[in-house]
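Participant: All chains should be modelled from the sequences, with the hints used to inform the complete structure.
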Amino acid sequence: MLGLTWAPRGQTPILLEQAGRDHLSLIAAIAPNGRIYVAGQDRAFNGEDIVWFVNKLCGRYRKRDLLLIWDGASIHRSEAVKAFLRERPGRVHLE
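Position 45 (the sequence shown) corresponds to 45 in our numbering; numbering is contiguous.
The hints are simulated quantities; they were obtained by calculation from the structure and are not laboratory data.
One or more hints might be untrue.
Derived CB-CB ranges, DEER-like [what the hints assert, rightly or not]:
{"#": "1", "residue 1": "Y61", "residue 2": "P8", "range": "37 to 43 Å"}
{"#": "2", "residue 1": "G10", "residue 2": "K63", "range": "41 to 47 Å"}
{"#": "3", "residue 1": "Q11", "residue 2": "G90", "range": "21 to 27 Å"}
{"#": "4", "residue 1": "P8", "residue 2": "R88", "range": "45 to 51 Å"}
{"#": "5", "residue 1": "R62", "residue 2": "A39", "range": "44 to 50 Å"}
{"#": "6", "residue 1": "R60", "residue 2": "A7", "range": "31 to 37 Å"}
{"#": "7", "residue 1": "P32", "residue 2": "R86", "range": "24 to 30 Å"}
Since this is a predicted model, take the numbers as computed values, not measurements.
Even glycine gets a Cβ: it sits at the ideal position worked out from N, Cα and C.
Facilitator: Put into structure tokens, the structure is as follows:
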């Protein structure tokens, strides 16, 4: 489920619908040409999910290195992610 809201400039948007206990996690990437890649699931992402997504990006951009700008989420430092990056030295760059 994706919800949108809006408010006049300078006013905080107010969500009128109550969010349920359902869970939706999203991961996204923006390519230099503006193309957006998004994956979603009904549970929290783990390290293996991050590897799956980055691997898909590597497959899409086979001839180019990737620059990933990550926040400090612990899943980005998982053993699965570290192993994936070690196997591709110089292919995936982190910021």
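Participant: Confirm or reject each hint.
Facilitator: Here is what the structure says about each hint:
1. Y61 to P8: 37 to 43 Å: holds, 40 Å
2. G10 to K63: 41 to 47 Å: holds, 46 Å
3. Q11 to G90: 21 to 27 Å: violated, 47 Å
4. P8 to R88: 45 to 51 Å: Between P8 and R88, where Cβ atoms are some 47 Å apart, the hint holds.
5. R62 to A39: 44 to 50 Å: Cβ of R62 to Cβ of A39: about 19 Å, so the range 44 to 50 Å is violated.
6. R60 to A7: 31 to 37 Å: Given about 36 Å between the Cβ atoms, the range holds.
7. P32 to R86: 24 to 30 Å: The hint (24 to 30 Å, Cβ to Cβ) holds, given that P32 and R86 are roughly 26 Å apart.
Hint check: violations occur at hints 3, 5; the rest are consistent with the structure.
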